[in-house]
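Visitor: Chains as they are written, first to last, in our numbering: chain A, 4 to 355; chain B, 4 to 355; chain C, 4 to 355; chain D, 4 to 355.
It should be emphasised that the hints constitute simulated quantities derived from the structure, not laboratory data. It is possible that some hints are incorrect.
A pair holds if it fits inside one copy or across any two, identical chains being indistinguishable in the list.
[Unchecked claim] Straight-line C-alpha distance at most 20 Å; calculated PhoX-like pairs for lysine-lysine:
(1) 102 with 274
(2) 116 with 312
(3) 274 with 192
(4) 116 with 78
(5) 192 with 202
Note that the structure is predicted; figures quoted are calculated from it, not measured.
There are 4 protein chains.
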Amino acid sequence: MAGNSYGTIFKITTFGESHGEALGGIIDGCPPGIILDFDTIKLDMQRRKPGQSNIVTQRHEEDEVQFLSGIFEGKTTGTPIGFIIPNTNQKSDDYSHIKDAYRPSHADYVYEKKYGIRDYRGGGRSSARETASRVVAGAVAKQVIADIKINAFVSSVGDIFIDKPYQVLDFSKTESNPVRCPDGATAAKMEEYIRQIRKEGNTVGGTITCVLQNVPVGLGEPVFDKLHAELGKAMLSINAVHGFEYGSGFCGARMKGSDHNDLFNADGTTKSNLSGGIQGGISNGMDIYFRVAFKPVATIMQTQQTIDKDGNIIEMQGKGRHDPCVVPRAVPIVEAMAAIVLADFYLMNKMY
Amino acid sequence: MAGNSYGTIFKITTFGESHGEALGGIIDGCPPGIILDFDTIKLDMQRRKPGQSNIVTQRHEEDEVQFLSGIFEGKTTGTPIGFIIPNTNQKSDDYSHIKDAYRPSHADYVYEKKYGIRDYRGGGRSSARETASRVVAGAVAKQVIADIKINAFVSSVGDIFIDKPYQVLDFSKTESNPVRCPDGATAAKMEEYIRQIRKEGNTVGGTITCVLQNVPVGLGEPVFDKLHAELGKAMLSINAVHGFEYGSGFCGARMKGSDHNDLFNADGTTKSNLSGGIQGGISNGMDIYFRVAFKPVATIMQTQQTIDKDGNIIEMQGKGRHDPCVVPRAVPIVEAMAAIVLADFYLMNKMY
Amino acid sequence: MAGNSYGTIFKITTFGESHGEALGGIIDGCPPGIILDFDTIKLDMQRRKPGQSNIVTQRHEEDEVQFLSGIFEGKTTGTPIGFIIPNTNQKSDDYSHIKDAYRPSHADYVYEKKYGIRDYRGGGRSSARETASRVVAGAVAKQVIADIKINAFVSSVGDIFIDKPYQVLDFSKTESNPVRCPDGATAAKMEEYIRQIRKEGNTVGGTITCVLQNVPVGLGEPVFDKLHAELGKAMLSINAVHGFEYGSGFCGARMKGSDHNDLFNADGTTKSNLSGGIQGGISNGMDIYFRVAFKPVATIMQTQQTIDKDGNIIEMQGKGRHDPCVVPRAVPIVEAMAAIVLADFYLMNKMY
Amino acid sequence: MAGNSYGTIFKITTFGESHGEALGGIIDGCPPGIILDFDTIKLDMQRRKPGQSNIVTQRHEEDEVQFLSGIFEGKTTGTPIGFIIPNTNQKSDDYSHIKDAYRPSHADYVYEKKYGIRDYRGGGRSSARETASRVVAGAVAKQVIADIKINAFVSSVGDIFIDKPYQVLDFSKTESNPVRCPDGATAAKMEEYIRQIRKEGNTVGGTITCVLQNVPVGLGEPVFDKLHAELGKAMLSINAVHGFEYGSGFCGARMKGSDHNDLFNADGTTKSNLSGGIQGGISNGMDIYFRVAFKPVATIMQTQQTIDKDGNIIEMQGKGRHDPCVVPRAVPIVEAMAAIVLADFYLMNKMY
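Here chain A stands alone, though its shape is the one from the complex (with noise of 0.2 Å):
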C-alpha cells in the first residue's frame, strides 16, 4: 500500500535503494508456461543501465538480474517470480557531502520530512536506480503480450524535435544511435546537444513518445482504469516525469470536433487516429501512442545554493557521474511500464 506495487492481475513489487545490498522485486500473476527468453531480459537492461555510451553516466553497474523463483525448466510456473539485482559498484563515500544537505529538485527534503529519516546514499529509494526493476518486470511482460509490439524512441531533447509523425520513422533505427532517436539526423543533433550540455556541466530535458501496435480491442476499463489513465500513471511514475498525453494530447485542446473525430471504416478501423487508438478508455485496435515529458536531470556539475538539515544556506557542488539527460536511458523504462499496463488489461481481459 505505501506505493510499491503496480497492478492488478499481473503485479510487481519492486524494493531496494541505490546503495543498499540489492534491488529487485517480486512478479505476481504471471501466466504459468510461458518459456522465458533471458536474452531480451538482458538486452532491456543493458538499454537501461548506465556507462553504456559517452553520452549517459559513466557509472558503472552490472545490472545482472538473478531470479529466484517462479521459473521451472525454464517455463514460468504460475507462482511468484522474485529476483534481485545486486548493487556492486556503489560507493557510498560519494555521499557524505548530502548527509546533513537537501539538494535542489530531489526528493532529499520531501523524504526527511515525511520519515524523519533518510538513507542519503544516492538518493536512496528515490533514486532512478529503481527503474532496474521494473525493466525486469517489463522484459517479461512484454513475454506475456508477444503479439504486442511496443517501440519507444526519444523524440525530442531540449528544442530539438523530430518534425515527423511516427509513422515515416524505422523503429529500427532506435538503437543504432546513443540517443536512441531512429531519426538519424535528428539524432546526431541532440547528440551534439547533449555533450555540449555535459560539457557545460548542465543537464536538459527531453522527450520520448512511444507507439504499441497490435493491440486487440478492448483492453481497459472503463470510468477510472481507463487504458490511457493507467498508462499516464504509470508513465509519471518514472523518475523526473512532468508530462503525459496520448492521440491528439495538448493539440486536441486546441481542434474542433469536426476537425477531431475519427471516421470509420467499414471494417471498424477509423481514417483518422486522434483517438490514439483508445475511445472511451478502451483500446480500439488502432496504434496507440503517446509522448512522455521528462525534465532536466536535478544533479548538475555546477555549484549551487542549497540548506542542511538546519537551516543554514550553503553551497553545494554536484558530484559523481550522472546523466547530463536522461531520456535515452528511460526509452526501456517506458517501455517497460507500458508492456506491464499492458499486461495486466490484456490478462484482465480474458474475463470477458
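Starting from the structure of chain A, add chains B, C and D where the hints point.
Guide: Same frame as chain A, but now just chains B, C and D:
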C-alpha cells in the same frame, strides 16, 4: 476491479448509466465526525449540471443527490456513504438512431466489442454523466481536507489562452462568468468563441488549470503511487481528457537543469516552483499546479459518415443537446478528482 | 478500504444502516451478457427476510431490491450493478433506550470507542440487516457460476445435531420446514426447541453446513488466498459467526495421516474426501463442504445489567422483535457469501 | 493478485519454492524509525526451522534471512523491506519419484491441473517452506505493535488436549519443551505420542491456541474486514489448517444467549469474555483468543497407492525427512500471521 473504484483509504465506487434509473456511488473510508456542509455539495453539483448557462448543453437535469447512509444527525459516522442521483429527465427516444450504429470517436464501438452488449442510450456507462457521482464524492472529500484550497479554472478554449501566470489571477472571479475563466477579458473572448462554435454545430477543446494550495508536506507515496502520478491518473480518467502536465510540464522538457532547479530558502520553501509543489512524488508544501487537456466533444451537430453494426457505411446527424465545449462544466470535476486524490493521501499519511 | 468491499474480480461493496434511508450496494466485475433471473434473487431475499415464519423475528421488512444500473433489457452489461433496498418499516423510537447505553455482546461500545459517534438506531451499520445486500449480490453471483450447486442448511441448533453425513441428506427438503434443516425428524426437534427458547425470552446458537458441488478443478490461489481461506473469511464476516471448519475440520486435528489421506482413483477423483474438495488451497473437483458456528443472538428478552456512556451500571430489558435463533435466516447468507467467493475465483481462473 | 500478498497497509508479498534458489519477500508499509531487533527475528526463524528437536523433521536448513533494503543504520526507513532466505540444503534428487506422480492429499494434482506445469521438487510453491518468509515478516510486524503480547502454543496433539483454560497457563513455559505446550505434564504426553507416531511412520494432527493481550480497543473494520475474519483468513492460509474458531467458537453455537453474553463492568471491560475480545468485528480491549486446527501431515513413511500423470495406479513410499506432527513448528507461524494482521489494523486505525 472492473475499474469503477478510485482510492485506497478514501475510496469511491460509482455506478450508473446516463439513461438508467439512477447514478450513484459509495464513499468508503470517510473519517467519522465531519459535519457535512450540504450546501457546498449542492453548489458543486450545480456547477457541473447541464443547462446552467447558454454556452453549455441545454439539457435539464436536476442532479439532486440523495444520501442514503453513513451520515447521522448531520455528521459522518465512518461507515460508507451511499448516495444516488436519480435520472429524471432522460429521453430514451432520442437515441434510437444510434441503437445499431457507432458514433465516431465515441465509445460505442469498443463497448460493443469488449462486452458484446451495450446500453446504447446516451452513451450508457461511457457518458460523462457518470462524473456527477464524482462531484458528490469530491465535495465530501473537500471537507476531509478542509485546509487545502483547490481552485480549477478554464485556461484555454481552442487557441484562446490566458496569457498570465496563475499567481496573478483572482480565483474568486472564476464563477463570475459562464466559461469559468478568472480573467475577465479572456473569458469574454472564450464565451464569444464558444457561441460561434455552437452556431456552426461544432465543438472545440480546451484546457483546465488546477492549483492546490496549503497542501501539507509529505503527501504522496514514492515509486508507483507518486502524488502527481495519481493526480494524472485521476485527471486522465475524466471523459475527453487527452493530456496532463504538472509544474513545468512539457515546457520543462525543453529546459536546462540550471534553469529548472528550485533553490531552497532557509525555511525549506523554494525560490522558484518548477517542481510544481511535488518532489520525488511527495508534496513539498509549495503550490501544486497542473494542466489538463480536453479534446473537443465528439458529438457535433453536423452530418458525419459512420458505420452500423453490420459494417454498412451510413450517415449520422448529431441529435440532442450537447456541449459545444466541455471545459466550463469540467472545472468542478477536475476539482472533485483532485480532492479525492488528496483526501486519500492525506488519510494515508496519518500512518507516518 | 474501510472494510465494506469483498472480492477482487467479482467485487461487492455495501452501504447502509439498519434504520437509515436504504441499504444497498454495488456489484462490480459481473460479466456481461448474463440473463438475470430476478425471481431467484427475490426468492433468496425472502429466505433471509424477517417475519417469514413463527420461529424467526416477527419484524416485517419488505426487503425489496431495486436495481439501478448495469442491466439492460434483462441482461448484465458488464458495468457495475447498483442496487438499493429501502428501509420501509424501521421504527426509530424502539431504540431510544440504547441511545446512551451499550448492549452486552453488541458492537455499541466498540463503535463508540472507534469512531467517537454511532448511529445507535437498531445497531446502525453493525446490524445484520446489512446482510440483505450480500444476499442480493450472492444471488447474482450464483448466476455467474450457474453450474456450481450451493446448498447450505442448518446442521445444529443448541445441542440438537443432524447425526448423518451430508451425502444421505435430500437438500430439496431444506426449504420444507422453517428451520431449514433437510432432515425432517431433526428439524422438528429444532423447531420445538427454538419455540421453547423464544418463550424463555432467550436465544440459542447453531451451525450451518454448506456443500458446494460441481466445482471445477483449479479454483483458489495458493499461499494467502487459498479457496478455503477466502471461504473462511467470508463466513467469519457474517454477523455472529465464531467458527469455521472445512473438510475434516477440527476432527481432522485428532486424526492420523494414514487415516486422513485421500487416495486417488485413476481419474483423479479421490476415494475419501477429508480434504473437503480443496488441496493446497485449490479445488480438486470433489465436493467442498464446510461448517459455520453462530453464537446465540445477543439481544434477549430478559433483564440484563449493563453500562451507559458515563460508566453507570444500569438495567436493560431487550425490546423489539428479534430472532431467538439466527441460523434459519442465515442459510441464504452463507450461500450468498459462498457464491461471491466462488464467482470471484471462477473469473480469476480465466487467466489460466 | 495471484494470492501471494497479505495486508493492506502493512503488506507482505512472498515468493519462492522449496527447492529454488531462495525464498523471500517484501514488506511494504512498515513505518519508519523502528529500531529493528534482529535477534528476535532470528529467534523466531529458529523456532520454525527444521531439525531443532527430535520430534520434528531432521532436515537441516539454515534459514538465514538476508535483509536487502528498507533498513538504514539499524532503523526502518519507511521504504519496502526486501529479504531473501537462500535454500542451501535442498536435495533435488529426493524428489524424482514424484516427478510424474501425485502424492495423496498434497497439492501436486491441483497445481498440475491449474497451471499445466509444476515445480515438483519438494512441493514447490505449495511447500510449507514458504512460511519461513511469513515468520520474517511477522517478526518485523511484532515490532510495529510492540505493546501487544502474542502467545501461541500447542493445545492438542491427536486426542491429547490441555484441559485447562489459557488463563492458568504460564506462557513462559511454552519454549521449555520441544512440543511448545506450556503445560508440562501434557507436553510430556504429547512428546511421547509424537515419538510413537514417528516410529509408526505415521503423522498426527493437532491444534494451536493463540492469545493476543493488550490489544487496543478499536482494531478491525466492520462488515467484511472484521478483525476475526482477517485472523481467520490468515490462519486458514497456513498449510494444513482445516479450522478456526475464536472466543466461544463452536462451543458457542451450543449455548444460550443468557449464558453467552458478556456483561460490562463500569470501566467497559467485561465480566466474562466469550466474545473473545472482539465485538462486531472490532477489538474491545479484552484478550483475543482463537484456536487453529491442523490436519495430519500428508507425507507418511508408509506405502500408499496413488496415481501418476497418465492415471496409472502406482505404489508410493514417503521419502525424505518430514514432520510427524506439524504443530510444534507451526507455533511461530501462527504468531507471525497474527502479528501481520494486527499490524495492518493498527496502522489502519491511525486514520481515526
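Visitor: Need the list of violated hint numbers for this structure, in ascending order.
Guide: 1 and 3
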